[in-house]
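Chains as they are written, first to last, in this note's numbering: chain G, 159 to 226; chain L, 1435 to 1963.
Everything labelled a hint here was simulated from the structure, so no lab data went into it. Heads up, the beta-carbon is just placed ideally off N, CA and C, and yes, glycines get one too. The reader is advised that the hints may include incorrect statements.
Among chain L residues calculated to face chain G with C-beta under 8 angstroms, some are [unchecked claim]: (1) K1605; (2) V1607; (3) G1610; (4) H1612; (5) P1679; (6) T1683; (7) P1687; (8) R1844; (9) G1846; (10) Q1851; (11) P1857; (12) K1859; (13) H1868.
Spelled out from the first residue to the last, the chains are:
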Amino acid sequence: MASQEQKNVSSRTEEEHVEDVPLPAPSPDSAAAQAATSGVDDLLDEIDGVLETNAEEFVRGFVQKGGQ
Amino acid sequence: MSVVRVMGAETEYGIHAPGAGQFNATWLSTQVVNAYSKSTAHRASAGGETRWDYTDEDPLADARGWSMARGAAHPSQLTDTELTAAQIALEGGETGDPAMPLMMNMVLGNGARLYVDHAHPEYSSPEVTNPLDAVRWDAAGDLVALAAVRRIAATPGLPGVNLYKNNTDNKAVSYGSHENYLMPRSVPFKEIVSGLTPFFATRAIMCGAGRVGLGQDGSAAGFQISQRADFFEAEVGLETTIRRPIINTRDEPHAVADKYRRLHVIIGDANLSQVSNYLKFGTTALVLDMIENGTAPELKLADPVSTLRAVSHDWQLRGKHLLEDGSAVTALEVQWRYLNAAKEHCAANGSSHPGTGDGHTAAVLAKWEEVLDGLGRDPMSLAGQLEWVAKLNLLQQYRTRDNMRWDDPRLGLIDLQWSDVRPEKGLYYKLLEHGRMERLVSDESIAAAVEAPPSDTRAYFRGRCIQQFGAHVVGASWDSVIFELPALRRLQRVSTKEPLRGNEALTKPLFDRNQHLEDFLAELVSGSL
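Chain G with its partners taken away, still in its complex shape (with noise of 0.2 angstroms):
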């Protein structure tokens, strides 16, 4: 899924193309993907801001005692 992101990465003025003017007529399948990517960065921005300042300190200074 990966390389298909990569390949379908597209800018949000060519979403907004697609979206108004129909012809020609883009797959549904492609359509979708574009939407799909617009939305893959959007939800990374998000992530970003709820991530946990400096990873590596973090990260480091999760340390558990043993379970099960």
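For this one, chain G is given, so just place chain L on it according to the hints.
This is chain L only, laid out in the frame that chain G set:
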């Protein structure tokens, strides 16, 4: 004769107080239990602060020791406060405000148990009878954990505590998420071992939670399918904390011992993905049914422990694994053999019949097939279903966008934060919120399962006892509830050795009829349960 059987989940949460120095993890875990006891309306007397004071001065401590008979295996679960405090202190680290109660154990109104197991808070789900309910009441535990986190965050004097539904700190430590399945005692254990081992060595391709890092300490760069695989070093054994075995032999039936065994499965990853969790319980229940009926596929891995790891390290699912007969199979082929045998088995006994079957069996078979099909075509096509694929997909998106190598600490953080139980922080919950993870049970029904026990097992009896007579419940275990009769100053122990009795159909009228404990117990003891 199907996927329907008594089962349950145990989840040990990773616990962390970021930026608060080296806190004693056991002490922090007691605060998780304590915090939940403050935020729930359903409390046994032993789950309340006052009651702890009372029992300290009372020989009831023995009864409570008995009610936690599993403490024989884990001394830290013993509820004698003095001993517990001493044990906790021995572990070192800060123990915070000495005025805070050290709460080790609660039985919840939904029939679950919330307690301190080793240095982790653990939620053990109530007994359920099918994989969908297993998913529901396990997810309810994540809401219990969340409620405790919120409560602690709002309590002055306590450090903020995060809970993670994962299985390793990536520094050579692992903690478990176990499954339990009720089986007839009559099935020879060696058949359980031979029937389950190839299945367990390969099932992570459906129910692995994904992990960044290879090796027990995670020091080698890369991604693997399972959180737990690298921590398993034996094929069969009694241990759960060292030399972990693929098949665990712990034999505590928590039921009529000569009739039942409780198969204690320690090899699974904790799952947030509902599809992965569902398949974990559903397919395992089907394999057990085949073992009990002599229809499990017969194949023997040459080296199950190394296959388990190799499967986990091979997310492209290309590797072949040696069988004892010298041939080699992929993990997917092993799973197909089990699925095909299960389809035949269930068609023959009628459990998967669309009209007259139990419903659950056909649904598990269909999901199992859908997932194996998808894994065969393109594993990444299951990014909305399987937990390891969803996590890998997110990691790959980050790697693509920011050109990260596998040893980038941000990828380690994404792996860890994936399982944060707070929806505003947990990355699984972010995907769920955006409709990117398939739901099998609704948010509403998970929330309801925090409060209500399952209707079709003895967990109903246990949960209703806590809800209705909690102030008089001084102890409980999987197979008993102990009441104190205040007027008589004596204890009444009610045994619940049959996991399918004590259900709603059998006991609801008794609870509804008797609002007073004395009346309730009088009718109960007269022989209605």
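These are the hints, each one checked on the structure:
1. Satisfaction of the interface hint for K1605 of chain L is found here, the shortest Cβ-Cβ separation to chain G being roughly 6 angstroms, below the 8 angstroms cut-off.
2. Against a cut-off of 8 angstroms between C-beta atoms, the interface hint on V1607 of chain L holds, since the closest Cβ of chain G lies about 5 angstroms away.
3. For G1610 of chain L, the interface hint holds, since its Cβ comes within 8 angstroms of a Cβ in chain G; the closest pair sits about 4 angstroms apart.
4. Because the smallest distance between the Cβ of H1612 of chain L and any Cβ of chain G comes to about 7 angstroms, under 8 angstroms, the interface hint for this residue holds.
5. Given the 8 angstroms rule on beta carbons, the hint for P1679 of chain L is violated: about 12 angstroms separates it from the nearest Cβ of chain G.
6. Given hint, T1683 of chain L at the interface with chain G, is violated; its Cβ is 14 angstroms from that chain's nearest Cβ, farther than 8 angstroms.
7. For the restraint placing P1687 of chain L at the interface with chain G, the shortest Cβ-Cβ distance is roughly 18 angstroms, beyond the 8 angstroms limit, so the hint is violated.
8. Checking R1844 of chain L against chain G: minimum C-beta separation of about 4 angstroms stays under 8 angstroms; hint holds.
9. At its closest, the beta carbon of G1846 of chain L sits 4 angstroms from a beta carbon of chain G; the interface hint therefore holds under the 8 angstroms criterion.
10. The restraint placing Q1851 of chain L at the interface with chain G holds, with a minimum CB-CB distance near 6 angstroms, inside the 8 angstroms limit.
11. For P1857 of chain L, the shortest C-beta to C-beta distance to chain G is roughly 10 angstroms, which exceeds 8 angstroms, and the interface hint is violated.
12. About 6 angstroms separates the beta-carbon of K1859 of chain L from the nearest beta-carbon of chain G, less than 8 angstroms, and the hint is met.
13. Interface hint status for H1868 of chain L: upheld, as the beta-carbon distance to the closest one in chain G is roughly 6 angstroms, under 8 angstroms.
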